[in-house]
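Engineer: Spelled out, the chains give:
Number of protein chains: 2
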Amino acid sequence: MDLLNLTLSEFRFLIETKRVKELRIVFEEWHPADIADMLTYLSLEEILFLFKTINKEQTSQVFSYCTIETQERLIEAFSGPQIKSILEHVEFDDVVDFLEELPDNLVRKVLQNASESQRQEINILLSYHPNSAGALITTKYVEINEDDTLKDAINKVRSQGKGAASIQTCFVVNQNDRLIGTARLKDMMTNPEDELVSEIMETDVISVNTKDDREEVVKVFSKYDLSVVPVVNDQFCLVGIITVDDVIDVIEEEATEDIQKMAAINPLEGSYLQTSVMDMFKSRIPWLLVLMISATLTGLVMEAYAHITVALTSLVMFIPMLMDTAGNAGSQASAMVIRGIAIDHLDIKDFFVVLWKEMKASVITGVILFVVNVLRIVIFSPSLGWGIAILVSVAIFFTIVLANLIGGSLPLVALLIKVDPAAMAGPVITTLVDVVALIIYFNMAAFYLGRVLT
Amino acid sequence: MDLLNLTLSEFRFLIETKRVKELRIVFEEWHPADIADMLTYLSLEEILFLFKTINKEQTSQVFSYCTIETQERLIEAFSGPQIKSILEHVEFDDVVDFLEELPDNLVRKVLQNASESQRQEINILLSYHPNSAGALITTKYVEINEDDTLKDAINKVRSQGKGAASIQTCFVVNQNDRLIGTARLKDMMTNPEDELVSEIMETDVISVNTKDDREEVVKVFSKYDLSVVPVVNDQFCLVGIITVDDVIDVIEEEATEDIQKMAAINPLEGSYLQTSVMDMFKSRIPWLLVLMISATLTGLVMEAYAHITVALTSLVMFIPMLMDTAGNAGSQASAMVIRGIAIDHLDIKDFFVVLWKEMKASVITGVILFVVNVLRIVIFSPSLGWGIAILVSVAIFFTIVLANLIGGSLPLVALLIKVDPAAMAGPVITTLVDVVALIIYFNMAAFYLGRVLT
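Taken in sequence, the protein lines are chains A and B. Mind the numbering: the first sequence is residues 2 to 455 in my numbering, read in order. Mind the numbering: the second sequence is residues 2 to 455 in my numbering, read in order.
Certain hints may be false.
Repeated chains share a single entry, so a pair holds when one copy, or any two copies, can fit it.
Using 30 Å as the maximum straight-line C-alpha spacing, the simulated DSBU-like pairs for lysine-lysine come out as follows [unchecked claim]:
| # | residue 1 | residue 2 |
| --- | --- | --- |
| 1 | K141 | K220 |
| 2 | K85 | K361 |
| 3 | K224 | K212 |
| 4 | K19 | K157 |
Please keep in mind that the hints were generated in silico from the structure rather than gathered at the bench.
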């Protein structure tokens, strides 16, 4: 058996036969994230056996990489001393990450096993809003003073650095704990050791406030290409730092949220396979209901123009195509604007620029679709004649223009009325664009019928 | 005038009146990313004035934060010595980032002004596929040997560290340049200085190959919570490192790409405001054409069942609602599965798990929509009667189930036939689900008519 490339069943076999020596080698050699992956497939008993057998530092490491579902199962099963050892070995921002997801009784169980100082620190971190910068901070960083010599400062790195999340950048505070600068370790190590920190520190520090939204934090990291950002309170005192690896998860979660909202799903956390059927149902049904009922509008339009479909039955066959094209054009424009808002600071002040751009792009697109559609109908359905071909294609042209204008402007309007652009876009645009497309279509048809009949 | 909080027009005023002293202060105090933001609004003459007046290191810094459009304008206008100075002060991975986007004549202009060794290094970096790990690497890292003492190793950090992108982690190689481990600077600084690197290094190194796809690189960073990852060639020799801040842009670009593909747009780089109308048109028209023409299918279905819509004209008014609901249900399922593939390693082996989950969720959803729709029709359109109400609602139920199954399985099928799941989902699902919905609807209607007429 190759211990470096175990299959799941070989791993289980080692546990069942209690091959402790081999298991210790696995924990020694494997990355904790890979072991955590395996644990999702094991029974609670099997995992508990591992946590009893293997040394606490390694199992705690593995614990911090486990999914929240596994962590919850484990906390429920753990004894007091086992929880104490987790609190000792897992970084505090990771502890807070899973505490935020746990039910209240398990949070209490964890806090009861924390020491007084651990409890204080955890409570401060838990008091921040889950979507705020405060919820992302770690308090393990190296703090130095402006009047330290570089030698003193490097000694502080040696003593405080052991558990620090990042030592690349040290944070310089004055006597009142106010953040006044940052010093890069590489500058501290490559300059004479009797120089003062104040001589090499950068004073134009980019920082965020504990209350800032986590999307704002992502923008700061991405704009300034940072690997760590200090977090200050309202008095500008340093309370913690955020490292870039914790921001990666935020970016992925935010992108997932946007995609879900645009697909008319209420945001869901957790992976697809771990999401329960009930949660899937609950996240999907609200918008389907809203959309089905708002589609009554399209029904009303169809009813109002029933005389036209009766007079010109061949028109009905183009309705699905017209509606699909309208919906696609609308979501093309809205997807670009929504992403522009999320990433490039697109704002309501750009409203007319966006509208004008969409106008130009949609006219070109509309003309091409008009031409292709006229040819398609004339060639493949010659019995319908040029009249119908042009009628349907003119309707497509106007539908494209209006769908792009609506799709492009609605996300910005959402900003103005303080609604999430992504949540507004998908669902509202579908119905709105469909209604507009049908009204255009039937009015074109009424005009055509008027000309044909007179 | 407050130099720390200049408005754009004040900044322009300083340039027009050639207030060099104040401008130097601005460049000294501001973050280069903020100055780069300002430059997008300036004329080429104004920017060139700044680049002549301010010291080269600072302007080069600003240059590396500029948008690719501004960088292109500048490279075109720069003299040979100005390009030489940019090459000297900008990190090589950033140089390669903009070279990849420049037209060939400008790339030649840059390379002509590079020194022999710079040209070699740039050419190696340029030879990697733009979507590969190789294209993300920086070659500025600290390399140490396994038999160095910690004191020697720290001295190497001092000498190589000045320009290094990351000194938190040093990379340990053997005599053949093979990567054999990593050593954390904090461990090197907090252990006795006569210990050997081999005693404190980690040997289970997570690394990526230069040819790995950049999405794979993102997964590695996110799974193992890394801040830097070493990149090796096929011989396992260390050729560079990737730092997490460069991965942030990749994550955002990949998410944008997914969103665009799901909205049936061919991926576009660059911000909304900087995208030209022609590029917008070109990215949107292909799918609109494909979709319009494939919607011929829905037209054919409508035509085939024309006798039913003639016999039961009230059925037509529900077609838009039915199609919207089908489209929404399809995109809800596909969005979740596509995101699952991108983030949580969902794979074709999970095909039946996904199908079964979608089946269960869709039956619950379908039942609720059935009940609500029956009530809606009976209450608001009593003239249609229970028969039509149940007919339409049963069609909705089956449409939801099939739309969810199609939406959930198509992205996985895309994986199997090696097509991008996001690109397949949006466009193909719309038409497919619509056709299925219409066929169900008309068959239900035919069944109903058969019972009513006999």
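Engineer: None of the hints should be skipped; say for each whether it holds.
Structural biologist: Outcome of the hint check:
Taking CA atoms no more than 30 Å apart as the test, K141 paired with K220 passes in both settings, with 23 Å inside one copy and 26 Å between copies. Taking the shortest alpha-carbon separations for K85 and K361, neither the intra-copy value of 64 Å nor the inter-copy value of 41 Å comes in at or below 30 Å. In this assembly of identical chains, the alpha carbons of K224 and K212 lie at most 30 Å apart whether taken from the same copy (19 Å) or from different copies (28 Å). With identical chains, the CA atoms of K19 and K157 are never at most 30 Å apart, being 44 Å at best within one copy and 46 Å at best between copies.
Going through the hint list in order, the structure does not satisfy hints 2 and 4.
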